[in-house]
Amino acid sequence: MLAVLFENFLKRKVLAVQEFTHLLAGSFERAFSPPHYVIDTLVQMDIIGFGSLPIVLLTGFFTGAVLALQTYRTLSTFGEVGLLGEVVALSIVRELGPVLTALMVAGRNSSGIASEIGSMLVSEQVDAMRALGTDPLRKLVLPRLFATLLTLPLLTILSDFFGMMGGYLVSSSTVRLSGEEYWVRAYQALTIQDVTQGMLKPFFFGVTIAAVGCYFGLHTTGGTAGVGRSTTQSVVAASVAILVLDFFITKFLIAIRFF
Amino acid sequence: MALSLSPTPGPARSHEPAIEVSHVGISFEDKLVLLDVSFQVGRGETLVLLGVTGSGKSVLLKLLLGLLKPDSGRILIEGQDLVPLSENELSLVRRRMGIVFQEGALFDSLSVYENVAYRLREERERDEEKIECRVREVLRFVELEDAIDKMPAELSGGMRRRVSVARAIISNPLIMFYDSPTAGLDPVTAHAINVLIAKLRDTQGVSSIVVTHRLQDAFVLSNYVFSPEKQGLVAARTDGRSGRIDPTRFLVLRDGKVYFHGTREEFVLAQDTYLRKFLI
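Residue numbers (our numbering), protein chains in the order written: chain A, 3 to 261; chain B, 152 to 431.
FYI, nobody ran anything at the bench for these hints, they're computed from the structure. Be aware that a few hints might be false.
Result set (EDC-like, lysine to aspartate or glutamate): computed pairs, CA atoms no more than 16 Å apart in a straight line [stated by the list, open to error]:
no., chain 1, residue 1, chain 2, residue 2
1, B, LYS220, B, ASP187
2, B, LYS220, B, ASP232
3, A, LYS141, A, GLU31
4, A, LYS253, A, GLU97
5, B, LYS220, B, GLU273
6, A, LYS141, A, ASP42
7, B, LYS220, B, GLU196
8, A, LYS141, B, GLU294
9, B, LYS213, B, GLU196
10, A, LYS13, B, GLU240
11, A, LYS141, B, ASP232
12, B, LYS408, B, ASP232
13, A, LYS13, B, ASP181
14, A, LYS141, B, GLU238
15, B, LYS301, B, GLU265
Covered stretches of chain B, as calculated for chain A (at least 3 residues, CB under 8 Å) [claimed, not checked]:
no., segment
16, 212-222
17, 398-406
All C-beta atoms in this analysis are idealised placements derived from N, C-alpha and C, irrespective of residue type, glycine included.
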């Protein structure tokens, strides 16, 4: 009995991976042939990108600020408070900026995508769309994939900048570090590899956020209660996937001696 | 109201039935939904699909639209088998079909105008003047031209179904599917929907399948025809046409199988206990 249950559980998980891969591959395949829904993509860029700006900037700013506060306590024991700009810049640009921005966007948009598409599915709007000759992968999935793929790196750049600004404000007000000392150390510490690493991750995270949201939306069952379930599952799955992906991307970059 | 429908030409020959379903079966995981279902719908005919909840009626409609693939059997629309077709090829076949979903399934974020114009835009029609003209024409057909700028949330249940009919007929379908089009509506609105279905059938020669739980709807479609002169339903025999024009057939699904398929008379006169339950 237990073995059968375990077998069924495994089968469901394997099927989910297969369906997710199919959705992702099918969507990218459609990117190379018409019709393209450019207006829908721009609308989604506005919703996902511009709409996420306030929470991303706030998160970035306060992450940088609190990082400076915490690091200051440690650095002051060694008398190396001057390294504050370097520590904040490296932490933000390499890891915290891309990951926290992606988590914020996932929390806001993966759930939004799943609930919107899920609601359309349970009210037969997706079936109606297909009946009217529209491919839902082209109309619903691809615009969201491209919108997240294009806007997440931009959001990450802004988040990184605001994070360093937060660190600078704390450094100048609490530690009385001069602006020149903070920014010069931060600038000198950052290498092209650090920036590339930090800018590479959002592309993977962006695809993950949109694809997970679309997958759970398009696999919603059980009416309005099912929409709620899909929404929750999409946020959890996207957040976990971002953290797991972050580990493997970093591990891969170290393995190829990228930095 | 004369709606100039010129059906989209298909590859079929004229003597072929509009719809031919042959030994179709489908199951979801371990649950058998349809088994060995076969029937035909001729051109201009109406098939009334009856059955209790969960008997597979809506699944059958989705199979006919190519939204689902059967596990076995063939589905021919205007002579073209849907089963082996890809999603892109199905999109072309679906242009010859229209469907009215149970709750209308209008796109919430689009106005009535945009909902009805949706298919024309998908077919890459760029002339906005032409689109508006056509949208107004079909909205006039369903008597809802005044609601053109409203959002679906502002419409009543009956109005949503009528907009759904307008959206379905905008590209001149040869075949229409109605999934419980009068469910949950008051008798007056339900009658208005029935008039629309008869109007499309009798003025445009559209073949249709009507899924319904309301037997009175089935009998209205069977006993009456739409009179363009009177702009309403008249008893079939008094329409001035020769003989009975009733092209309506009844099909009852039970546990995923065809339990009955025949004319109205055969259905009404059947002594079968299960069929009698529909008539009481």
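We went through each hint and held it up to the structure:
no. : hint                : result
1   : LYS220/B - ASP187/B : holds, 14 Å
2   : LYS220/B - ASP232/B : holds, 11 Å
3   : LYS141/A - GLU31/A  : holds, 14 Å
4   : LYS253/A - GLU97/A  : holds, 13 Å
5   : LYS220/B - GLU273/B : violated, 23 Å
6   : LYS141/A - ASP42/A  : holds, 8 Å
7   : LYS220/B - GLU196/B : violated, 24 Å
8   : LYS141/A - GLU294/B : violated, 30 Å
9   : LYS213/B - GLU196/B : violated, 19 Å
10  : LYS13/A - GLU240/B  : violated, 31 Å
11  : LYS141/A - ASP232/B : violated, 26 Å
12  : LYS408/B - ASP232/B : violated, 21 Å
13  : LYS13/A - ASP181/B  : holds, 14 Å
14  : LYS141/A - GLU238/B : holds, 14 Å
15  : LYS301/B - GLU265/B : holds, 10 Å
16  : 212-222             : holds (count 3)
17  : 398-406             : violated (count 0)
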